[in-house]
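Participant: Chain by chain, the residues run as shown.
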Amino acid sequence: MRTNPYLAALCLLVGVFMLGPVLLSVSAGFMQNYALGWRGGFTLQWLLEVWRGYGSTVLASIGIASAAVICTILIGLPCAYALARSKRTWALWFEELITLPVAVPGLATALALILVYGEFRGFRQHAAFILAGHVIFTMPFMVRVLTAAFRRPELRTMEEAASTLGASFKQRFLGVLIPAVLPAVLSGALMVFTLSIGEFNLTWMLHTPLTRTLPVGLADSYASMRIEIGSAYTFVFLIVVLPLLWLMQLSERMLAKRYAH
Amino acid sequence: MAFYTTSRWQQFCAVPAIVVFFAFWLLPMARLFALPAEKAWDTYFIVLTNTNYLLSLFNTVALSLAVTAISLALGGAVGVFLARHKFVGRAMFLSALTMPLSFPGVIIGFFVILLGGRQGLIPSLSDSLGLGRWTFAYHFIGLFLAYVYFSLPRAISAYAAAAQSIDRSLEESARILGANRWQIIRDIWIPELAPTTLACGAIIFATAMGAFGTAFTLASKFEVLPITIYSEFTNYANFAVAASLSISLGLVTWAALALARRRAGNLALGI
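Protein sequences, first through last, are from chains A and B.
Using my numbering, the letters of the first sequence map in sequence onto residues 1 to 261.
Using my numbering, the letters of the second sequence map in sequence onto residues 1 to 271.
The following block holds chain A by itself, in its conformation from the complex:
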């Protein structure tokens, strides 16, 4: 096929537009002075300052994201199973309903949560408040992946076979179904973890000075710190999130291959 040179140039331009800022930001985090550029020399000083000032936000984010993964699996997995097997109208409605927190801006969900739970000081000031928002926001992603997995026809056949062989519900669920959907669980878990780590719209409203996550700290540093510190902090975020992204793409490819035939 002939390659259209204008289209190729456009692709290259879009590539520069998408990747240029990332490279600029990473390199700015190591510059003595952004205004001088590379001529000013390089340093690790900003990275150290980020670790001193905002290191706790990295751990808090990883903690909240891990908790969100655990919660969405514990709550979402049985729910996905019920939704996949039920033919009742309420199940269809509920499947639609739980996607609403994704369709409605995070700001609205956060305001609503504060209106109802803002008075409960202990909860409001605890990281669990942020976790509640993240679980509501990421749940549809987990449920959708798992519902699709539970709906696969060969899984129904396996479940039926186990059932005719006399397996109890518990044996079927733990011994047959869960092992069969594990790849989907992994894929959903990576998705939830990545979404939770990067979530800002909800988190900014829900956080308190003692419960700051990575994106909240980023916003704070952009507003109040010098541009080199903001860049170094962005670099830290990329270090955390990029491996997750690659793992996610890898797991998607694995999942596609596994279910290809």
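Hints may be right or wrong, so weigh each one.
As the list claims (entries may be wrong) - Taking lysine to aspartate or glutamate pairs in the DMTMM-like style, the calculated list, with each CA pair at most 25 Å apart, reads:
1. A:Lys257 x A:Glu154
2. A:Lys170 x A:Glu160
3. B:Lys39 x A:Glu119
4. B:Lys221 x B:Asp127
5. B:Lys86 x A:Glu252
6. A:Lys170 x A:Glu119
7. A:Lys257 x B:Asp167
8. B:Lys86 x B:Asp167
9. A:Lys170 x A:Glu154
10. B:Lys86 x B:Glu172
11. B:Lys221 x A:Asp220
12. B:Lys86 x B:Glu192
What the hints contain is simulated information worked out from the structure, not anything from laboratory work.
Chain A is fixed; fit chain B onto it per the hints.
Facilitator: Showing chain B alone in chain A's frame:
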């Protein structure tokens, strides 16, 4: 109907999810919906009756429409190109292009500050060329570039996936019948990709309408609705108005997605 589907355990499996969803979303949302009524009934329509809020809504819709149009056009061209050309590093290029999907909006706002802010790269370049400091980060242009930045990856990956599954024989037949490039684009590509355009367009529009982090970082002079809601809530403690504006914003994004879903099916959720 097999007998195992009637297991009595099965029905209880959804209970935890229903409880959590009720407690942390339905109940809070019901409170949000009821709040404006406690002040006055016409608070619900304040986004239409107050000129400041109306302007903010207009800004947000105009920005989101512009961002959607340009992202679909660029993303369509790049996505289709990548689907049709095999070259070394193509998969890596595609995955690098979609990487910003996982960035929070604040980071994208910061990128624009690095490029066009007070100490930005482009203002210093334009200054050294004797054109004066061209600081664009805090105006419409800055916001627009940032929104296109986080919308493009979605469009590129959607079009790349859709273009791969298009029947190539249609295009070959058209070419044999003497169709030129524009006719092929107009009569085959655009109709074939229409479901993707609709679904992806709705997602991009809804995301742009509700985006908060980017506008928050840029502290733009071009005010968008999420920022208006935020400042009503935190700066003026005007809870009823903030609730009413959030309801309006939520209805717009929900309607855009629901409309596209009706036409294009499940594609239009991005999940």
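Participant: Run every hint past the structure and note whether it holds.
Facilitator: Okay, the hints, checked on the actual structure:
At roughly 16 Å between alpha-carbon atoms, Lys257 of chain A and Glu154 of chain A fall within 25 Å of each other, so this suggested pair holds. The suggested pairing of Lys170 of chain A with Glu160 of chain A holds, with an alpha-carbon distance near 14 Å, which does not exceed 25 Å. The straight-line distance between the Cα atoms of Lys39 of chain B and Glu119 of chain A is roughly 20 Å, inside the 25 Å bound, and the hint therefore holds. Between the alpha carbons of Lys221 of chain B and Asp127 of chain B the distance comes to roughly 23 Å, so the proposed pair stays at or under 25 Å and holds.
Only pairs whose Cα atoms come within 25 Å are accepted, and Lys86 of chain B paired with Glu252 of chain A is accepted, the gap being roughly 21 Å. In summary, the hint linking Lys170 of chain A to Glu119 of chain A is not supported, as the alpha carbons are separated by about 41 Å, beyond the 25 Å threshold. Restraint check for Lys257 of chain A and Asp167 of chain B: the C-alpha separation of about 22 Å stays at or below 25 Å, so the hint holds. With a CA separation close to 17 Å, the supplied pair Lys86 of chain B and Asp167 of chain B stays within the 25 Å bound.
In summary, the hint linking Lys170 of chain A to Glu154 of chain A is supported, as the alpha carbons are separated by about 19 Å, within the 25 Å threshold. Distance check on the hinted pair: Lys86 of chain B and Glu172 of chain B sit about 19 Å apart at the alpha-carbon level, within 25 Å; holds. Distance restraint check for Lys221 of chain B and Asp220 of chain A: the Cα-Cα separation of roughly 20 Å lies within the 25 Å cut-off, and the hinted pair is therefore satisfied. Restraint check for Lys86 of chain B and Glu192 of chain B: the C-alpha separation of about 21 Å stays at or below 25 Å, so the hint holds.
This entry does not satisfy hint 6, going by the numbered hints stated previously; all others are met.
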